[in-house]
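Trainee: Once you have looked at the hints, place chains B, C, D, E and F on chain A.
Protein chains: 6
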Amino acid sequence: MFYHIKELQYRAKPERPDPVYARKLQEVLGGQYGEMSVMMQYLFQGFNCRAEQKYRDMLLDIGTEEIGHVEMLCTMIAQLLDGAPAAELDAAAQDPLLAAVLGGTNPQHLIVSGMGAAPTDSNGYPWNSKYIISSGNLLADFRANLNAESQGLVQVVRLYEQTTDPGIRDMLSFMISRDILHQNQWKAAIAEIEQMEGVIAPASFPRELTVEPATRQFLNLSEGEESSEGSWASGPLPDGTGHFEYVSKPVPQGGAPTLAQPADHQHSTLGSGPYIVNKGMESL
Amino acid sequence: MFYHIKELQYRAKPERPDPVYARKLQEVLGGQYGEMSVMMQYLFQGFNCRAEQKYRDMLLDIGTEEIGHVEMLCTMIAQLLDGAPAAELDAAAQDPLLAAVLGGTNPQHLIVSGMGAAPTDSNGYPWNSKYIISSGNLLADFRANLNAESQGLVQVVRLYEQTTDPGIRDMLSFMISRDILHQNQWKAAIAEIEQMEGVIAPASFPRELTVEPATRQFLNLSEGEESSEGSWASGPLPDGTGHFEYVSKPVPQGGAPTLAQPADHQHSTLGSGPYIVNKGMESL
Amino acid sequence: MFYHIKELQYRAKPERPDPVYARKLQEVLGGQYGEMSVMMQYLFQGFNCRAEQKYRDMLLDIGTEEIGHVEMLCTMIAQLLDGAPAAELDAAAQDPLLAAVLGGTNPQHLIVSGMGAAPTDSNGYPWNSKYIISSGNLLADFRANLNAESQGLVQVVRLYEQTTDPGIRDMLSFMISRDILHQNQWKAAIAEIEQMEGVIAPASFPRELTVEPATRQFLNLSEGEESSEGSWASGPLPDGTGHFEYVSKPVPQGGAPTLAQPADHQHSTLGSGPYIVNKGMESL
Amino acid sequence: MFYHIKELQYRAKPERPDPVYARKLQEVLGGQYGEMSVMMQYLFQGFNCRAEQKYRDMLLDIGTEEIGHVEMLCTMIAQLLDGAPAAELDAAAQDPLLAAVLGGTNPQHLIVSGMGAAPTDSNGYPWNSKYIISSGNLLADFRANLNAESQGLVQVVRLYEQTTDPGIRDMLSFMISRDILHQNQWKAAIAEIEQMEGVIAPASFPRELTVEPATRQFLNLSEGEESSEGSWASGPLPDGTGHFEYVSKPVPQGGAPTLAQPADHQHSTLGSGPYIVNKGMESL
Amino acid sequence: MFYHIKELQYRAKPERPDPVYARKLQEVLGGQYGEMSVMMQYLFQGFNCRAEQKYRDMLLDIGTEEIGHVEMLCTMIAQLLDGAPAAELDAAAQDPLLAAVLGGTNPQHLIVSGMGAAPTDSNGYPWNSKYIISSGNLLADFRANLNAESQGLVQVVRLYEQTTDPGIRDMLSFMISRDILHQNQWKAAIAEIEQMEGVIAPASFPRELTVEPATRQFLNLSEGEESSEGSWASGPLPDGTGHFEYVSKPVPQGGAPTLAQPADHQHSTLGSGPYIVNKGMESL
Amino acid sequence: MFYHIKELQYRAKPERPDPVYARKLQEVLGGQYGEMSVMMQYLFQGFNCRAEQKYRDMLLDIGTEEIGHVEMLCTMIAQLLDGAPAAELDAAAQDPLLAAVLGGTNPQHLIVSGMGAAPTDSNGYPWNSKYIISSGNLLADFRANLNAESQGLVQVVRLYEQTTDPGIRDMLSFMISRDILHQNQWKAAIAEIEQMEGVIAPASFPRELTVEPATRQFLNLSEGEESSEGSWASGPLPDGTGHFEYVSKPVPQGGAPTLAQPADHQHSTLGSGPYIVNKGMESL
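The listed protein sequences correspond, in order, to chains A, B, C, D, E and F.
Heads up, the first sequence is in full-length UniProt numbering, so the first residue is 1 and it goes up one at a time.
Heads up, the second sequence is in full-length UniProt numbering, so the first residue is 1 and it goes up one at a time.
Heads up, the third sequence is in full-length UniProt numbering, so the first residue is 1 and it goes up one at a time.
Heads up, the fourth sequence is in full-length UniProt numbering, so the first residue is 1 and it goes up one at a time.
Heads up, the fifth sequence is in full-length UniProt numbering, so the first residue is 1 and it goes up one at a time.
Heads up, the sixth sequence is in full-length UniProt numbering, so the first residue is 1 and it goes up one at a time.
Okay, chain A solo, but in the shape it has when bound (with noise of 0.2 Å):
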């Protein structure tokens, strides 16, 4: 169960309103990377979490983090929309600085959501819940949070580029802070799972069902041979089960399929003249 309180957990307010930052703001709110994704797979994972008592808490604690995240951004977005005109397009024409606001703007943001945040991308696509996964295996889960951490972080901070308003920065460093932290904590918990169960999850299917030499081979499929200068493809492999092999030339070792005859009930090409199949039940 939740609760809510009033107060923000950190600032969220803009120097000045700009509909067009609104509009790119809106990538890392309702984005394939931003926070209600992040919001909903930790909130998800710590509902379904069938492990011991502190991983369920830990994902619980951050997801409702990542709920109030999702408050800020919509203030902010909120704010950063005041003043945007109900303009058309003849007054562009005396001026570029409307020009671009017109041009740059998501006219939902005028149309639909009342000048208020939306539960979109920057290029108004909706938010969806395939962007998040909660598999019940944690070093898996771990490392998509840690995915999930790293590249909203990396669009965190090209959005600070791309705005000098004390306030939007402000917010944006507070975020940024945030990731940092979620990422250094996701490393963490992913090792505390390698330290017990090794670096492959799921860790429990057995090696002695695997074809051996596809657990160790780099296959270079392309012409040249610069892949080969990684650490991929030479070297101890990192569950430390042997060494990383270049294989330079590879060849396939299953032969070429050939596929049945088209079942006649499909009417599938090549057919062979008028017919039904199935005249009744006796033909099944």
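Keep in mind that the hints were calculated from the coordinates and are not lab data.
All of these numbers come straight from a predicted model, not from anything done at the bench.
Among the hints, erroneous ones may be present.
Same chains, same label: a pair holds when it works inside one copy or across any pair of copies.
Unchecked claim - SDA-like, lysine to any residue: derived pairs with alpha carbons at most 25 Å apart: (1) Lys249 to Glu52; (2) Lys249 to Glu223; (3) Lys54 to Pro85; (4) Lys54 to Gly255; (5) Lys13 to Arg207; (6) Lys13 to Glu197.
Mentor: The following block gives chains B, C, D, E and F in isolation, referenced to the frame of chain A:
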């Protein structure tokens, strides 16, 4: 530029048809973490790569391999669908096996795709490109890749548990082996980048512009203190900048937000009687 | 069965082209609350209607009218796009107006739809049928319809503010008028059903099976008591079963959840070493 | 800012696992009118609220409660999935119950979400934010909310009919009770706004700018006159501006549309031989 | 403007309910190539038509007919759902037929749409407007239409095979007949346009601006020469400009791409230490 | 199995950066009819192909070529984005060109994809697999392919008109040339299949099971007779079974539909007082 050869990378031949399993196998072909996702993710990261050649080459090597995995899964699914009946309900009344088949198959395999693989997940939801990311930041992207291989492997292992067909298991063993390799390889590549740039993605945001306490405080936003027990709440920060601090009772740092009155031209609540703001351009 | 006549229901002719406005107008054609939505919602409710004939007839009357509104909007948009230039960037450097046009138009109008209307919203997001509902419960559905006409009218009024073209305003005036009528009409139809069945949809769930206090308690889940000031926190319940009760400090009524250990065949965390559960069918 | 406590708002414990019902219950978690929808709709309306404080507070109170409902449903679904077998087809041949389970379950519960709840509907379709609206016009939005609670309650009552498990019914009874309260509450809030602003949303468009007859005429666009029998075809208009008028044989008021020739640079039909319009910028 | 009459274009009455078949029939109502697709595709092409009147008229004639096909399918589906039980799992243990029904039905028919048709495909995926195209180029669009009728007919014939209910087959026979007519008709219309404009869509791009060899060379990008056996590898080009040329060993014509270093403000890999590019506007 | 070589199939190098054009070019990369669509459509048709080897081989040849086209477009887009500024609004006030850039670019190029190509269309809408079809019926599928190449070519020609950059035009000329070839080739392949099977897809449905008049009657469902003037309304049927018949005043052949009362367990309108149908299993 790409070339194709007719042989498969590895065998993909089931012992017997199984249209219910064909539906399930769609998950790792066209689902959120299926082979289409890693194929497209690595290809786009490779095509967009601005870093040194060995990264681009490696990304395209593995992306090219994944096209071949999509090929293997399609081939397998088409064979699992061989013999799927164009059945109807009455027959199922006599036969629990047929009832299970009817209920558990994907009707689109028989109506839309002509007993071939579909570019969708196990519930018929189409693959879409919001499953993938190519950000230009290799550390963030390699974490996305490690996550994708981890989630993917968890799913393939679960699917391995859901069949005993030797032919399917043979192919899944190979895919499991490659996923193990790929996890190892992204681990190695990540270690290489972290060695150079540090563990935070992106590495380049100046620490003096952060809100420093926010970069180390774990906020306990739920009652109870279980979340304090993890490596994310005390001990050294993985990025080497200090130690985690556990905040048992976090308080808000931003005030309560107040938004301005709605603009008149928005006709939002609470309005004050009939009017048009924009009578012509004079009102701008 | 349907018939078409060539005349439009009402005039749809702009005074001059305006490709930026054409993009905006897409919102009320193919957006979440555009004319495609009410057209399809009323038609599906009509086709599925199991209530007395007058409801089905009315739903199909209005749904049929809405097909004609889609026709009017497409006609208007096609004319607004007349003369849109196949321009490029250099020219825009000389001309703020062209810059605004370039920035504010939908590129798909010139690349995909051949200067015709697209079945999308103002950001190019395609119309989809999750915008609509046909539940079989007329009270619920008429509320959906009243909502659709309310949201739609708010948007059309906002669009009216964003142009001064007399031809566009003429058409929008007509659409505003019909939306006003339709709001009135769904209000009347709702009142008719509520008269017969009461105000809760559906009417038929037995009250003795409810958790009675939960049917009247407003829960104040935030600090502060502002929410107690509304008609939703005290006074009579609109369904006539008693009075609202304001609960200032709500407490949870369910215990803390504990989920079972993850099933071994899921290979979730925390696993305990290599194994396969389903060796063959014997383990089921 | 938000806090979490570990106890659930109400009990969520089934008497026994039921993976088929778990799939169905997803509809009111992540479906078009599920709890994720009302949670996100009320939170966004609250965050964006520019009206007096009591409305914002109330919206966030209820939105916060709905986060807890999402938590309850996730908890219930995870328990319903306990014991779901990693079965295969052969076993189903012996056992109709297993056949039904196989056919009726969501394969993603066993492959993707690790026997946890998924943020999707009963067919595995992901939740997306086009299910929700926050327009800034409270009358329109409260009607959206009343609609959401009405559609949601109809669905929960139907789900109540589809199980006899006392634990599930206990939780559903609570949810039904809250939906009844919320319908009452939005009814009350709507009445409060209509009292101030009138029944048309938005209230502020000047009537003299409408096409007056169109604001009162019901158009009979189908043969037959059944639709004339309802309260929408005669009697007073709910907004108090006059009476409905029933038009038995409506005629078009706009002429037949004629669109201009396609622009040459579009290469549409009918073209007139090979050319490039835009040879360089001189042709603009 | 449109009118509706109450009679259906053709009979749509099943002999008996069949909720499993109702789910399947959704494919040709709301699927990728269902009746909603052709209805909307023809209407949009008609509304946007800038060619001579006979094309617009024809498009709207057929589009209007398709609205009536949507009506017939909805009517059929509603009747197939009559008598669908609000069952639960225990009963299925005794009854394979009920098990099949449970597994094979769409739960949303009983939870969401009140035993009415849904605007979705057979897996519950919503119809969306990216299924359709209206490009303004009639040759391209008529090919889209011929494709839609071809894919649609293949699906309807497959569905015909999957039932023996005389009422369903009666309706499907009619739809099959119309699809046959429509294939003939688009064939005729395409021939008419190709007669005037040639076989390449669009006709108007000057041949001297092409890369000439690329307009006739078939590239054999796989090992083996089977693809050389078809009419696409030798013989005359259908557009009359020469002959196909089979290239057995194609070589690349573009060099290896090299992308520039990432911009510093992107904070991509490999970065060079902490910095902010955009300190204020001076850095632009 | 696939191989990659580092050279591009053809040159892809713009003369100068142009981030606005980069956005537009996304349409033919990741849009409905972009290169990702043909690439995936041909690969899936090839992988699923059950017809003779020459068809499979040809489909995979062309599908493999299209992967290389995706590569070329990504390479081009990345270069067009070089030098895109991390600008903000104030600067735009001084500079119409910058205003146009700001307004006309895709913000995700600078926030999400690190100045690389995105797998989306020109409005940021993600590619999804419902753009493609693989039905198993070659005639239907080759028509889908001809349609895809026709729509695609229309779009590329329009894009050619929207730039004068010699480098972009060079690459587009090559793509236009390949699209011309591919239209020719699908025309040839279709002619080959029609020769064998006739012009209706599928060929195999028995004519005696159709409703014969419906296979030849064009229905004039609008007022006016313009549609009678085309080759679709009189003259021979392309499939050789007779002649078109023009029906000036079509009448319905099915009666008015009547649906049964709603089932009580659905709690639809009009209900008759409080009840639960399914008290336990006895009521089934």
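Trainee: Hints first: check each against the structure and report whether it holds.
Mentor: How the hints compare with the structure:
1. With identical chains, the CA atoms of Lys249 and Glu52 are at most 25 Å apart between copies only, with a shortest distance of 22 Å across copies and 47 Å within one.
2. Taking the closest pair of Cα atoms, Lys249 and Glu223 come within 25 Å of each other both inside a single copy (9 Å) and across two copies (16 Å).
3. In this homomeric assembly, Lys54 and Pro85 never come within 25 Å of each other (Cα to Cα): the closest approach is 50 Å inside a single copy and 28 Å across copies.
4. For the identical chains of this complex, Lys54 and Gly255 are inter-copy neighbours only, at 17 Å across copies versus 50 Å inside a copy, given an alpha-carbon limit of 25 Å.
5. In this assembly of identical chains, Lys13 and Arg207 lie within 25 Å of each other by CA distance solely across copies; the values are 22 Å between and 55 Å within a copy.
6. For a Cα distance limit of 25 Å, the shortest separation of Lys13 from Glu197 qualifies neither inside one copy, at 45 Å, nor across copies, at 31 Å.
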